[in-house]
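Asker: Single-letter residue listing:
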Amino acid sequence: MSIALKVATAVAGLLLALSGNPSRAQEIRLESGEPVVFTLPAAAFADGFYIDVEDSDTALTINLDAVEYPEIDVDLLVRRATPFQFDPALPADASALFDQAQYRSASSSGEETLTVLKQGRLPLRAGRWYIAALNFVNADVQVQLTATRSQSAEPPYVPISVDLTGDISSGEDSCNVAPFNDSTPLSPVGGNSGTTLGQQRRNALLEAARLVSEELRPTVPIRLRACWDDLGSGDSLTLAQASSTYIFLDDTGIGSHMPFLDERFTYFSTPASARQAGTSICRFAGGPCNVADVRAEFNTTVDTADGLGSRGFYYGFDRNHGNDIDFISVGIHEVTHGLGFYGLISTGPTDDDPDAPELGERYSDYGDAYDNHVRYVSSPDDAGMPLLDLDVADRAIALTSHDGLRFAGMHVLASPRNPLTGNPAPGNYAPLFAPFVVNPGSTLSHFSTSLSGELMGPYATAAAPHTLGLARDVLFDVGWDPAAVEAVESFPRPASGIYFDPAHSGHGVNFLRVPGLEDFYFLVFYTFDAAGKPEFYISSGPLVDGVFVPSRGANGDTLARPVYVHGEADPNRVDMSPGFNGQIRLDFNEAAKSPACRDGYPGRSADASQAVMTWTINNESAQWCLQPILAPSVQGPDYSNLWGNAQDTGWGLFTFSYGVDEGDAISLVIYYPDGDGHGRWAIQQLTPFASGDRGELLQVQGYCRLCEIPDEPLTNSVVGEITPGLTDPDRPSASPDFAPGHMAVKVDFDGNASLRFERDVSIVPLVDWSPVEDAATD
Amino acid sequence: MLCLLWLATGLSCVPAAHAATDTMARPARHVAPATHALQRQPRKSAAAEVAKPAFAPRRHGPVLKLDAALEANGKLELRCDEDHSVVAPTAPGDRP
Numbered sequence: 001m002s003i004a005l006k007v008a009t010a011v012a013g014l015l016l017a018l019s020g021n022p023s024r025a026q027e028i029r030l031e032s033g034e035p036v037v038f039t040l041p042a043a044a045f046a047d048g049f050y051i052d053v054e055d056s057d058t059a060l061t062i063n064l065d066a067v068e069y070p071e072i073d074v075d076l077l078v079r080r081a082t083p084f085q086f087d088p089a090l091p092a093d094a095s096a097l098f099d100q101a102q103y104r105s106a107s108s109s110g111e112e113t114l115t116v117l118k119q120g121r122l123p124l125r126a127g128r129w130y131i132a133a134l135n136f137v138n139a140d141v142q143v144q145l146t147a148t149r150s151q152s153a154e155p156p157y158v159p160i161s162v163d164l165t166g167d168i169s170s171g172e173d174s175c176n177v178a179p180f181n182d183s184t185p186l187s188p189v190g191g192n193s194g195t196t197l198g199q200q201r202r203n204a205l206l207e208a209a210r211l212v213s214e215e216l217r218p219t220v221p222i223r224l225r226a227c228w229d230d231l232g233s234g235d236s237l238t239l240a241q242a243s244s245t246y247i248f249l250d251d252t253g254i255g256s257h258m259p260f261l262d263e264r265f266t267y268f269s270t271p272a273s274a275r276q277a278g279t280s281i282c283r284f285a286g287g288p289c290n291v292a293d294v295r296a297e298f299n300t301t302v303d304t305a306d307g308l309g310s311r312g313f314y315y316g317f318d319r320n321h322g323n324d325i326d327f328i329s330v331g332i333h334e335v336t337h338g339l340g341f342y343g344l345i346s347t348g349p350t351d352d353d354p355d356a357p358e359l360g361e362r363y364s365d366y367g368d369a370y371d372n373h374v375r376y377v378s379s380p381d382d383a384g385m386p387l388l389d390l391d392v393a394d395r396a397i398a399l400t401s402h403d404g405l406r407f408a409g410m411h412v413l414a415s416p417r418n419p420l421t422g423n424p425a426p427g428n429y430a431p432l433f434a435p436f437v438v439n440p441g442s443t444l445s446h447f448s449t450s451l452s453g454e455l456m457g458p459y460a461t462a463a464a465p466h467t468l469g470l471a472r473d474v475l476f477d478v479g480w481d482p483a484a485v486e487a488v489e490s491f492p493r494p495a496s497g498i499y500f501d502p503a504h505s506g507h508g509v510n511f512l513r514v515p516g517l518e519d520f521y522f523l524v525f526y527t528f529d530a531a532g533k534p535e536f537y538i539s540s541g542p543l544v545d546g547v548f549v550p551s552r553g554a555n556g557d558t559l560a561r562p563v564y565v566h567g568e569a570d571p572n573r574v575d576m577s578p579g580f581n582g583q584i585r586l587d588f589n590e591a592a593k594s595p596a597c598r599d600g601y602p603g604r605s606a607d608a609s610q611a612v613m614t615w616t617i618n619n620e621s622a623q624w625c626l627q628p629i630l631a632p633s634v635q636g637p638d639y640s641n642l643w644g645n646a647q648d649t650g651w652g653l654f655t656f657s658y659g660v661d662e663g664d665a666i667s668l669v670i671y672y673p674d675g676d677g678h679g680r681w682a683i684q685q686l687t688p689f690a691s692g693d694r695g696e697l698l699q700v701q702g703y704c705r706l707c708e709i710p711d712e713p714l715t716n717s718v719v720g721e722i723t724p725g726l727t728d729p730d731r732p733s734a735s736p737d738f739a740p741g742h743m744a745v746k747v748d749f750d751g752n753a754s755l756r757f758e759r760d761v762s763i764v765p766l767v768d769w770s771p772v773e774d775a776a777t778d
Numbered sequence: 001m002l003c004l005l006w007l008a009t010g011l012s013c014v015p016a017a018h019a020a021t022d023t024m025a026r027p028a029r030h031v032a033p034a035t036h037a038l039q040r041q042p043r044k045s046a047a048a049e050v051a052k053p054a055f056a057p058r059r060h061g062p063v064l065k066l067d068a069a070l071e072a073n074g075k076l077e078l079r080c081d082e083d084h085s086v087v088a089p090t091a092p093g094d095r096p
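Chains as they are written, first to last, in this note's numbering: chain A, 1 to 778; chain B, 1 to 96.
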């Protein structure tokens, strides 16, 4: 019996399907630029492809095409250094495969492509890159896969494309493009050669997109959808409006694992996300490929007498707009907002939006690429506080501080376009617009008027800039320059231990390394039911790039509720009922940036050992910020482990040794089935402890998972006794002097003797408790 | 070797310092990789289709507006406005 199997059976026999490390039966090396063609069976995938990248390579482009049937949904997943992990004996969980992909192209079409550059959090590095191709339709499909290495010194340049056709996908707002075809004759003006109003509008918008493209040098397709609408009339109206179509973040717990983004738990604009993903929005985020990255609307009435009287848009390229409104400058300004120049903090309710949150409140608990760089400076010698770290009241003060709101991104601080560059901090921070009386829409998301002549100032000026100016550096800081992002050098590999959230103390997990398997873990979630009674759930799976990625079982759960059937020869089951739903993910990467870890709750470790646990049990779901329980070292044997008996499964004894003044102590947790077969647990701490000591077992009266932690300490009652005779787990079981331990236990759930669990058996340590080092990415 | 870059003098054809990708089409190689079944919908679901992983619900970015007002003195004032109403609240654990 494998050690993994011992671990599993010791608690609930859940890992019977485990057969050890997946065998790499057949791998196919791809040669750069040489397509391979193969058949993907219906509802299946092939993961055995790889290409070896060299140091001199600057780009890797991978294409997967459904031959002859581009409408068939095939997807492309890519990761470096280690293969995709799954159990080859079972159908694979597509979600688990997606959560292992470092890059992906997963549109709803059969034309997938992505490019990895030597930039970003997971840059192109020398080594082996693994590729998986997935077929989501119930028909065989022939596909062509090509991986191409490039050594070009220049990254690819893909100018922003402008959709003037109003092509929309299902669910999107309608798009009026008739004004782009207005046949009203006009004379060419200011370098715009159009001879109709529609032509001049098209030419001017294309020129605006060209100017932005030349400055930003996009490396992936970015699509600007331009529409016209009635945005008001008279002497006060909206000239134009724009947005990033969506905002994206990397949080595997909410089904949004995007490890290619520059930061975890941080919102980025659609076009910045696409740049970091190395592919277009539909391919990294799914869905049809006619979705725009940036949407812009212009007001149809401006060019009529109904809007602003005789004034109208000026479509020339030369900024000689006179009393009219320079269309290109308006277009660049609005598109720049859509590219990522915006904050996600409320400027308070308005007549148009009376339900908006109060001034200073955040629209999301997650950070965002723009606000992460904003600081509040209250005095000239104050380095400033991150705006997102302030409470609502202080953020409101910052937003109305006149000159205290600053943008402190790396590019802005060093930019030759920043007139303050060279001043010592905070004198080099770029001031943002923060008038004493908040100006909704302008406050925070624009430069201060003290930076005169800037495109992204709060008021349009006669200068009508056609360049991004300092906004270019802001965009670089909010995700447009992956070259500046620090690459991940290693992924966390947590040691076996107890992890808990101080805000939910009493609940927690034993996260345990399975010996003999590479980065494979067994998890016990000890918790309380709605009545505060102890119960536990279990899971197992690989840790991939610092993320615990268990696959769904046949019943669709990644977190199982153990069920022990008394009297059966094989008593260990899991709850397969349709009414049960259990899901879990643990992410040990950059947890400190997560909303769960940034809640300000006292006692958080605030170091790299934190993890975000996302769990679902039936209709309950939450994200908790876990940290390990750290205890003083022991002087004698470290008995910390999970113990069990391979011939008698369905329970386990967890032990945790730690040093105390009197010597060594131990915490014990017995996981056992109650009379109904439901998994329960009871505890004891023995201080000092020597093997063979006897102790009472206590049942803790806890509190439900989504309840606030009680003010008073949890109470407990004696429900049994235990006598653990433990042997040194560091002594290999194969050594001549190995001897199993022994455990005598009896425990009555809720003190009911008719539900007694009783054993007097030998036990052996089952998990790897040794220290581990993080996994280098090289 | 492909000649990819011309020096500014235009006098000689030299290979790029970092040779760019050879984009000439190459014949496709037919292969037969090992393939594996994808898990169908969980047993407790009535459906029996292979499910593509559901991505998190999308959230729209804020709409930034540029407003114009014609003042009594004939001056045109332009200023921005912002609509965050399309940004949905966060729902941790909301894996569709």
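Just so you know, these hints were derived from the structure itself, not from any lab.
Note that the Cβ used here is the ideal one computed from N, Cα and C, for glycine as well.
Treat each hint with caution, since some may be false.
Partner residues are not named here, just some residues of chain A that face chain B (Cβ under 8 Å, in silico) [unchecked claim]:
#1 TYR246
#2 ALA460
#3 ALA463
Stretch by stretch, here's where chain A covers chain B in the computed footprint (C-beta under 8 Å, at least three residues) [unchecked claim]:
#4 27-39
#5 51-64
Calculated Cβ distances over 12 Å to all of chain B for the following chain A residues [as the list claims (entries may be wrong)]:
#6 SER95
#7 ARG104
#8 LEU145
#9 ASP251
#10 ARG295
#11 SER329
#12 VAL761
Asker: Hint by hint, say whether it matches the structure.
Answerer: Right, here's what the structure says about each hint:
1. TYR246: holds (5 Å)
2. ALA460: holds (3 Å)
3. ALA463: violated (12 Å)
4. 27-39: holds (count 13)
5. 51-64: holds (count 13)
6. SER95: violated (4 Å)
7. ARG104: Violated, since 10 Å does not exceed 12 Å.
8. LEU145: violated (9 Å)
9. ASP251: Its Cβ does come within 12 Å of chain B, the nearest being 8 Å, so this is violated.
10. ARG295: violated (8 Å)
11. SER329: Incorrect as stated: the minimum Cβ-Cβ distance to chain B is 10 Å, not above 12 Å.
12. VAL761: holds (34 Å)
In this structure, the earlier hints numbered 3, 6, 7, 8, 9, 10, 11 are contradicted, and the remaining ones agree with it.
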